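There are 2 protein chains.
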Amino acid sequence: MASYRAPLRDMRFVLYELMNGESLASLPGYEEFTRDLIDPILEEAAKVCEQVLHPLNRSGDEEGCTLENGEVRTPKGFREAYTTFREGGWTAIACDPTYGGQGLPKSVNVLVEEMICAANLSFGMYPGLSHGAYVSVHGHGDDALKDLYLPKLVDGTWAGTMCLTEPHCGTDLGLLRTKAQPRGDGSYSLTGTKIFISAGEHDLTENIVHLVLARLPDAPKGIKGISLFLVPKFIPNPDGSLGARNGVSCGAIEHKMGIKASATCVMNFDDAQGWLVGEPHKGMRAMFAMMNTERLSVGIQGLGLAEASYQGAVTYARERLQGRALTGAKHPDKPADPLLVHPDVRRMLLIQRATNEGCRALAAWTAHQLDLQNHHPDPAVRQEAEDFVALMTPIVKALMTDLGFEATNLGVQVFGGHGYIREHGMEQYVRDCRIAQIYEGTNGIQALDLVGRKLAANAGRSLRRFFHPVSAFLEAKGEDEAMAELVQPLAKAFVRLQQATAQVARAGLANPDEAGAAATDYLRLFGLVALGYLWARMAEVALAHEGDDPDGFYRAKVATARFYMDKILPQTGALFSSLMAGAGSVMGFEEEAF
Amino acid sequence: MASYRAPLRDMRFVLYELMNGESLASLPGYEEFTRDLIDPILEEAAKVCEQVLHPLNRSGDEEGCTLENGEVRTPKGFREAYTTFREGGWTAIACDPTYGGQGLPKSVNVLVEEMICAANLSFGMYPGLSHGAYVSVHGHGDDALKDLYLPKLVDGTWAGTMCLTEPHCGTDLGLLRTKAQPRGDGSYSLTGTKIFISAGEHDLTENIVHLVLARLPDAPKGIKGISLFLVPKFIPNPDGSLGARNGVSCGAIEHKMGIKASATCVMNFDDAQGWLVGEPHKGMRAMFAMMNTERLSVGIQGLGLAEASYQGAVTYARERLQGRALTGAKHPDKPADPLLVHPDVRRMLLIQRATNEGCRALAAWTAHQLDLQNHHPDPAVRQEAEDFVALMTPIVKALMTDLGFEATNLGVQVFGGHGYIREHGMEQYVRDCRIAQIYEGTNGIQALDLVGRKLAANAGRSLRRFFHPVSAFLEAKGEDEAMAELVQPLAKAFVRLQQATAQVARAGLANPDEAGAAATDYLRLFGLVALGYLWARMAEVALAHEGDDPDGFYRAKVATARFYMDKILPQTGALFSSLMAGAGSVMGFEEEAF
Numbered sequence: 001m002a003s004y005r006a007p008l009r010d011m012r013f014v015l016y017e018l019m020n021g022e023s024l025a026s027l028p029g030y031e032e033f034t035r036d037l038i039d040p041i042l043e044e045a046a047k048v049c050e051q052v053l054h055p056l057n058r059s060g061d062e063e064g065c066t067l068e069n070g071e072v073r074t075p076k077g078f079r080e081a082y083t084t085f086r087e088g089g090w091t092a093i094a095c096d097p098t099y100g101g102q103g104l105p106k107s108v109n110v111l112v113e114e115m116i117c118a119a120n121l122s123f124g125m126y127p128g129l130s131h132g133a134y135v136s137v138h139g140h141g142d143d144a145l146k147d148l149y150l151p152k153l154v155d156g157t158w159a160g161t162m163c164l165t166e167p168h169c170g171t172d173l174g175l176l177r178t179k180a181q182p183r184g185d186g187s188y189s190l191t192g193t194k195i196f197i198s199a200g201e202h203d204l205t206e207n208i209v210h211l212v213l214a215r216l217p218d219a220p221k222g223i224k225g226i227s228l229f230l231v232p233k234f235i236p237n238p239d240g241s242l243g244a245r246n247g248v249s250c251g252a253i254e255h256k257m258g259i260k261a262s263a264t265c266v267m268n269f270d271d272a273q274g275w276l277v278g279e280p281h282k283g284m285r286a287m288f289a290m291m292n293t294e295r296l297s298v299g300i301q302g303l304g305l306a307e308a309s310y311q312g313a314v315t316y317a318r319e320r321l322q323g324r325a326l327t328g329a330k331h332p333d334k335p336a337d338p339l340l341v342h343p344d345v346r347r348m349l350l351i352q353r354a355t356n357e358g359c360r361a362l363a364a365w366t367a368h369q370l371d372l373q374n375h376h377p378d379p380a381v382r383q384e385a386e387d388f389v390a391l392m393t394p395i396v397k398a399l400m401t402d403l404g405f406e407a408t409n410l411g412v413q414v415f416g417g418h419g420y421i422r423e424h425g426m427e428q429y430v431r432d433c434r435i436a437q438i439y440e441g442t443n444g445i446q447a448l449d450l451v452g453r454k455l456a457a458n459a460g461r462s463l464r465r466f467f468h469p470v471s472a473f474l475e476a477k478g479e480d481e482a483m484a485e486l487v488q489p490l491a492k493a494f495v496r497l498q499q500a501t502a503q504v505a506r507a508g509l510a511n512p513d514e515a516g517a518a519a520t521d522y523l524r525l526f527g528l529v530a531l532g533y534l535w536a537r538m539a540e541v542a543l544a545h546e547g548d549d550p551d552g553f554y555r556a557k558v559a560t561a562r563f564y565m566d567k568i569l570p571q572t573g574a575l576f577s578s579l580m581a582g583a584g585s586v587m588g589f590e591e592e593a594f
Numbered sequence: 001m002a003s004y005r006a007p008l009r010d011m012r013f014v015l016y017e018l019m020n021g022e023s024l025a026s027l028p029g030y031e032e033f034t035r036d037l038i039d040p041i042l043e044e045a046a047k048v049c050e051q052v053l054h055p056l057n058r059s060g061d062e063e064g065c066t067l068e069n070g071e072v073r074t075p076k077g078f079r080e081a082y083t084t085f086r087e088g089g090w091t092a093i094a095c096d097p098t099y100g101g102q103g104l105p106k107s108v109n110v111l112v113e114e115m116i117c118a119a120n121l122s123f124g125m126y127p128g129l130s131h132g133a134y135v136s137v138h139g140h141g142d143d144a145l146k147d148l149y150l151p152k153l154v155d156g157t158w159a160g161t162m163c164l165t166e167p168h169c170g171t172d173l174g175l176l177r178t179k180a181q182p183r184g185d186g187s188y189s190l191t192g193t194k195i196f197i198s199a200g201e202h203d204l205t206e207n208i209v210h211l212v213l214a215r216l217p218d219a220p221k222g223i224k225g226i227s228l229f230l231v232p233k234f235i236p237n238p239d240g241s242l243g244a245r246n247g248v249s250c251g252a253i254e255h256k257m258g259i260k261a262s263a264t265c266v267m268n269f270d271d272a273q274g275w276l277v278g279e280p281h282k283g284m285r286a287m288f289a290m291m292n293t294e295r296l297s298v299g300i301q302g303l304g305l306a307e308a309s310y311q312g313a314v315t316y317a318r319e320r321l322q323g324r325a326l327t328g329a330k331h332p333d334k335p336a337d338p339l340l341v342h343p344d345v346r347r348m349l350l351i352q353r354a355t356n357e358g359c360r361a362l363a364a365w366t367a368h369q370l371d372l373q374n375h376h377p378d379p380a381v382r383q384e385a386e387d388f389v390a391l392m393t394p395i396v397k398a399l400m401t402d403l404g405f406e407a408t409n410l411g412v413q414v415f416g417g418h419g420y421i422r423e424h425g426m427e428q429y430v431r432d433c434r435i436a437q438i439y440e441g442t443n444g445i446q447a448l449d450l451v452g453r454k455l456a457a458n459a460g461r462s463l464r465r466f467f468h469p470v471s472a473f474l475e476a477k478g479e480d481e482a483m484a485e486l487v488q489p490l491a492k493a494f495v496r497l498q499q500a501t502a503q504v505a506r507a508g509l510a511n512p513d514e515a516g517a518a519a520t521d522y523l524r525l526f527g528l529v530a531l532g533y534l535w536a537r538m539a540e541v542a543l544a545h546e547g548d549d550p551d552g553f554y555r556a557k558v559a560t561a562r563f564y565m566d567k568i569l570p571q572t573g574a575l576f577s578s579l580m581a582g583a584g585s586v587m588g589f590e591e592e593a594f
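These protein sequence lines are chains W and G, in that order. Everything in the first sequence is counted per UniProt numbering, starting at 1 for the first residue and increasing by one. Everything in the second sequence is counted per UniProt numbering, starting at 1 for the first residue and increasing by one.
Hints are not guaranteed to be accurate.
Stated by the list, open to error - Straight line, CA to CA, 20 Å or less: simulated DMTMM-like cross-link-like pairs of lysine to aspartate or glutamate:
id, chain 1, residue 1, chain 2, residue 2
1, G, K492, G, E479
2, W, K334, G, D172
3, W, K334, G, E592
4, G, K221, W, E485
5, G, K282, G, D142
Unchecked claim - Cβ-to-Cβ under 10 Å is the rule here; a few derived chain G residues that face chain W:
id, residue
6, H168
7, A317
8, L350
9, G419
10, T501
11, Q503
12, L509
13, D566
14, S585
Bear in mind the hints are in silico, worked out from the structure with no lab data behind them. Fair warning: this is a prediction, and the values are worked out from it, not measured in the lab. Heads up, the beta-carbon is just placed ideally off N, CA and C, and yes, glycines get one too.
Model the full structure from these sequences, guided by the hints.
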């Protein structure tokens, strides 16, 4: 199996050199997060991911989860790994210190998340879902709920889930049917069936806290009649010890394409006792707070898997001797040259590299803005950051999972037939990554969110949070000769994005189907321009290190930026043409003719 | 599980209306293949694929093959299905009547192949490999070998394999080590290990005939020292009855991402008796004859799976109610509108449709030329057809499997979370399709074949077999107003292809790495232009049926052509830019920096 090493050098680059991570400590609440605290955290995270989680990735995929008498057994080694993970404090890093968390900046946490996803995405699902539940309760629960549940979710002795989907509704939650009846004691009785519940049942923790969307008896129809409830597997006593088993059970687990070691459960709620989280009928709002952080995390899943795939592919391309360089043998002493001499193999590896490092920078930028949104003393700065994060969330989710899927497939392709064999683990990255394009809102839904909500939000104010820095950068660098080969293609792509934005806004206003048909092209165009901007900025940082670059790290940055501009950014032209062609051929096709 | 219906209407369209299939009967040897013979063959093939093969597709994937004491058991039902298939004469359709075959034109056979791949690719591998062995023996074996083996391969009582790959060499067969020693009786003793041998061992037939690449003792090094041998599992007596077990055995079967019901074997040859096929040291030539037909077949695998995926996705998009049309509820009486109202869902379905029907036309065109190559009385026509087929083979293989993989993934995406669940069969199409981009020469190798061999072949004569008809068509349609919306984008893309061709030829001559780095972009650019040309031609045929189109078939053709030009062909612009940027950023990246 391909091994995984956390790309700490590049992580430190985006954190400290691109995003000025050392300034984090100047934000209220982050005072202690200086570099000498952050660096050891990253190194420890790398260790646990490389040594504890990654060795279970392949075996977890082979074994999968099993359901017997309503109990789910995770694959061999997962329980022990979870204990190590929990005892190491990793469930607590991104949580509020009030409840035992470590309050790690998001800028650092995204890096840890990437390592976990790269090492073992299935494993990462369990603490990931717990964190989603934590966010919902922390953001919307009352003090009693918070005091009782949060310390356990934070220290990882209890896990959590998000129960949204039902058999007849996924994207369209307005259709959901699960019912909540008041029990007269301030709690509710929930009845209904939820599907696709990740970590719905498992053997990693003593209790599982379900966050469940359901309808109260007086609920308005549709999306405005949904409330959020907390339903524990075991009802805790006031002291936190476990009380009675609640009426919630796992009816089945799904057999899936990938993330096989993550239990995806059908959950039956049968007169289960639950507590309201937030206000009645305002469940979607509470859920969206959670969903936005989750969407960033899902984007990072794509990146993590793509990074793991890249590492495997590079190792193979160095070791596998096959064929000779087109320009003549490079290693005449060996029976053949390594794959790495072949231009088409390099092309694949460089696509992986350029999209991975670009996405890492994009995640870092978004996380940095999240830190500003949550911790900056100036409300104007907080607002700007919030606008930026809202705008970029669908892009991070969809772009990074689409590019991640493409990258994991390139990793298989570099391996040839050996990539298709399960043994090497390369095809697992593809299967595991595929779900990330679907869950937490399909990538098509992300695109609609971008064109339908985010573009128009606050009269385009959000949009300016991206457009302004790019414009300013292009202006500042217009005369910079060393940067010209990067700035010129970026400027061209940026014009396309500006024109496409105007077109989508104008045409979409007249006919929403125009925006709908353009959405996916537009999101990718936007995302590729964002990566282009980040590549230009990374190259700018790297160019300042000429002559001070013993291991060639900065030279490689500039070279990858060049590759991105040459070989990937041109896609924006095709996306622009497709988008400008409008919705006619999409909507004009007769329904019966499909 | 999604059901599959053979797309007979569209198959007849490409065969008779686009490619003038009724003229086949004017070719010597094809006299009997008039429409009233062909149509029932297609209908019977559809029946066996829909009713016998497709019902075993999902169960075959779940169960896979098992190896016990050197014997491979295929999944439940495969033996019975194979008997039905064989008794129906389906193993014989594309074979020489001299040996019991039915001599079906390739133009018809590709359609049957598509149905088999769509219905059950794993099953199709067994007769598919047998046919590869048949082609090799038929083309290069002496009369004794042909008389003894071909009737059994044709009637399907024996199966065949192609044994090329070894653990240390796949693409680079020059490295292979399997040895063949003369035994003094005209036969040879083979010793060595082959891997990735599809259908290497199974329980469908009483005997298996391995076609094996090996080295004779006096063989020159590398690719010019490889000979082809026939090694049967049981050595037949002169009357065709089975004699002694030969020294060939299955050491292991691979656990793979997909095509799990197809046994992929490690085959050990231990003093196995074999017979030379063709001349000593000329094995690669014999193998390439087989490989070229196989490459077309692999392209068709991509198409078949993509068609099956499209059908599943359309059915789901009609049935699944989720959300409301962006322009207001289309079915206010129902709890939600069907997915089909959503522009982004339509976009995905139309990409599938446009690439599938385009690829079907491309396969039909190539098959038609193969029929001319093999049966036309005029040697000049035969030569032209041969040039065309040689040129298009790598494009058919790589383009159709790449587009097929993209299409099967879109099928999953239309299903959302339900697509990721094994139950619906949509994710299986993705896993099964993934291998088609790899085997019979990875798609990167196809691209190198195109730019390295086919472009330059015969001073560009092959190239003109494609360029001339496209030029002529564009010229003829330049003033046709009804066609303008299709012809104009095609003309633009064709100019890109011409310029890219000149660039690849020129730069590649100076530096082979330039051609190597451009190869994948170039192949796709070429392929998309080819589909664009075929879409314009299909629309031309369809437009002639205005007012004579009761079920809207022709209207849908024109509408799909429009979609192709609007939304897919623009990719040629991005490919052109990437290609014109040259190899600098690919080859300039330092080896150590990966």
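Status of each hint after checking the structure:
1. K492(G) - E479(G): 15 Å, holds
2. K334(W) - D172(G): 13 Å, holds
3. K334(W) - E592(G): At roughly 19 Å apart (the allowed maximum being 20 Å), E592(G) and K334(W) satisfy the hint.
4. K221(G) - E485(W): 46 Å, violated
5. K282(G) - D142(G): 14 Å, holds
6. H168: Constraint on H168(G) satisfied, holds at 8 Å.
7. A317: 7 Å, holds
8. L350: Status holds, d = 6 Å.
9. G419: 7 Å, holds
10. T501: Since the shortest Cβ distance to chain W is 18 Å, the answer is violated.
11. Q503: 14 Å, violated
12. L509: This interface hint is violated because 12 Å lies over the 10 Å limit.
13. D566: Cβ of D566(G) sits 4 Å from chain W, so the hint holds.
14. S585: Since the shortest Cβ distance to chain W is 4 Å, the answer is holds.
Figure legend: structure checked against the earlier numbered hints; hints not met, in rising order: 4, 10, 11, 12.
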